[in-house]
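Colleague: Heads up: the protein sequence lines correspond to chains X and Z, in order.
Residue 1 is where the first sequence starts when you use this note's numbering, and the numbers rise one by one after that.
Residue 1 is where the second sequence starts when you use this note's numbering, and the numbers rise one by one after that.
Some hints could be false.
[To be verified] From the derived model, a few chain Z residues whose C-beta atoms are all more than 12 Å from chain X:
no., residue
1, Arg84
2, Trp126
3, Leu129
4, Ala194
5, Asp195
6, Arg207
7, Glu221
8, Ile223
9, Asp237
[Unchecked claim] Reference listing, derived: stretches of chain X covered by chain Z, where coverage requires no fewer than 3 residues with Cβ under 8 Å from a Cβ of chain Z:
no., region
10, 44-55
11, 178-192
Hints in this document: simulated from the structure, not taken from any laboratory.
Ideal Cβ placement from N, Cα and C applies to all residues, glycine included.
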Amino acid sequence: MKTLVYIDHFKGEIQPASWEALGLAKSLGTASAVVFGSGVGAITKAAFEYGADEVLAADDAALADFRVEPYASTLSALASAQSPDLILFPTTARTRELAAMTAIDLNTGVLTDITALEASDDASAPLSAVIATRPIYEGKVLEKTVCSGKPVLATIRGRAFPKPEADAGKTGTATQVEVKAEALTNVEGYSASESAVNLGDAGVIVSGGRGVSNNPSLQPRAGLDEKQAELWRAQQGFALITDLANVLGGAVGASRAAVDAGYIPYSHQVGQTGKVVTPDLYIACGISGAIQHLVGMRNAKLVVAINKDSDAPIFKQARYGVVGDLFQIVPALTEAFRKRLGK
Amino acid sequence: VPVPSAFSLEEGGFVLAALGTIYLILRTKAAGVFASKLFNGKGSDGHGAGQASVEFWKITNREIMEKVMDSHERDAVKRHVDLREAQERTTAAIEKIGADMVIFGRQTLDNGAGITPAQTARLLGWPMLGLAGQIRVQDGSVTVDRVIEEGRQTVTAKLPAVLSVVQSIGEPRYPSFMGIRKASKANIPAWSLADLGTSVPEPVVRRTELMNPPVQETSIEIITGETPADIADKLADKILAEKIL
Chain X
1 MKTLVYIDHF KGEIQPASWE ALGLAKSLGT ASAVVFGSGV GAITKAAFEY GADEVLAADD
61 AALADFRVEP YASTLSALAS AQSPDLILFP TTARTRELAA MTAIDLNTGV LTDITALEAS
121 DDASAPLSAV IATRPIYEGK VLEKTVCSGK PVLATIRGRA FPKPEADAGK TGTATQVEVK
181 AEALTNVEGY SASESAVNLG DAGVIVSGGR GVSNNPSLQP RAGLDEKQAE LWRAQQGFAL
241 ITDLANVLGG AVGASRAAVD AGYIPYSHQV GQTGKVVTPD LYIACGISGA IQHLVGMRNA
301 KLVVAINKDS DAPIFKQARY GVVGDLFQIV PALTEAFRKR LGK
Chain Z
1 VPVPSAFSLE EGGFVLAALG TIYLILRTKA AGVFASKLFN GKGSDGHGAG QASVEFWKIT
61 NREIMEKVMD SHERDAVKRH VDLREAQERT TAAIEKIGAD MVIFGRQTLD NGAGITPAQT
121 ARLLGWPMLG LAGQIRVQDG SVTVDRVIEE GRQTVTAKLP AVLSVVQSIG EPRYPSFMGI
181 RKASKANIPA WSLADLGTSV PEPVVRRTEL MNPPVQETSI EIITGETPAD IADKLADKIL
241 AEKIL
């Protein structure tokens, strides 16, 4: 099977799931990495290191900012020339739009946010090159979908497929592809979010819930009203969670209750209305485990729950639990890992 | 649809109608009834757009038009996978109505795929401004602040344009009792495929199977100990023994 793999990046910062897509493509046959942007030499080099059989690059000032119209036109023209069976993307806000438009141009379909993919030689899907599995309804149900168009376009969920090892010895020369530069929009400015957090790619997530503001031993300074004192307590609580996340090289998550209470920005929210995450390790601190939170993290490989309430639903989802005060357990756990991991 | 020369929207999702006449393109009868309740609902107080939203109130009471697609569309929605034909139908309806701006939710009735706004934009040949958190219209252009994973991005395009909005664009209004009564009598016209001058394309994407997710390991081991440090040591050893770090 011949696959094009779109390597998604934002200002040169590569989405790690791009490499997972490349690994998946290699397991199915030949994999050509597709790199668009301006000054993308480093990305091209990395694509070879991660195993691309060839790299097709559109390196042009007109592609400096991701704008979906010229990117889609360039990709469509490239796909028409290359006739791949499959085009893979990591799932991001950019690639949803890019794959959507490219599918219109190529008169085919998109399978989004898939978690499994098999080549099809099954009689039940004679017209589709692949059969994809994707979770729907917040992961309550899985569906298998097929696409009778060619090529099949699919965006893969981060961390659903193994990431290949990079081999620094592998090099190659990128093939330049023709740029279709008709832009319909103008990017006028950009400001990075205060706390850029990528929960989707995190291997470890330490999350806090409403419980992080309940430390009775903390005495806020005088002059704060009740809400300010609560926020101050929550900040101290999230500082402990952040310490543990840092020692484990992980990211900080939060329950909706903590986000709604204003303890932490929405970008940290795990759950039905936040991010659905699949880390190797998920440590829930002071999170009771409302169903809307559980659907966001139940596919973590190992769940650890720390909560004062032994009846909290989060314990039903956890492999290891500690019934206790997170303000004592979390710092002790940070210290225990610091010793063991030599940090 | 005429667009005022300048307006700014920072909150109040339904105050979008301050733009002028708003047309709802709805794919199911149930959505039509729901939306007509919202639009006949409680007035504009407290929704942040002052005079403009009062104007909207008058306009929508008098002129709101809701287009509900034929029953075939409902079947497509039920199947939840056949997006392309839904997009073609929406596009045909937009072309029939004529509009300066088309606004979608981020994952409009597309089974979580999030591809409907972009595909509609492509079929129309209009610029796509996705994930807008704020919208400003001036002199035939629209500027949006996009809420993307990496931060906020300001992007401009000439109208007509297709937008998708994120949840933080505003709070929906809730219908009043009077609004619900009015809505129950509302006449919701339906367009057939022939009215739209379109035919049904062959579906490209199909669902072949629905499955329950694999059952997760749920047996829990509660870690206990004399002191927090003791518990933490035991827990850290257990986690490390899983060899996932």
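Colleague: So, for every hint listed, does it hold in this structure?
Modeller: Hints and how they fare:
no. : hint    : verdict
1   : Arg84   : violated (6 Å)
2   : Trp126  : violated (7 Å)
3   : Leu129  : violated (7 Å)
4   : Ala194  : holds (23 Å)
5   : Asp195  : holds (23 Å)
6   : Arg207  : violated (5 Å)
7   : Glu221  : violated (6 Å)
8   : Ile223  : violated (5 Å)
9   : Asp237  : violated (8 Å)
10  : 44-55   : violated (count 0)
11  : 178-192 : holds (count 9)
The structure shown violates the earlier hints numbered 1, 2, 3, 6, 7, 8, 9 and 10.
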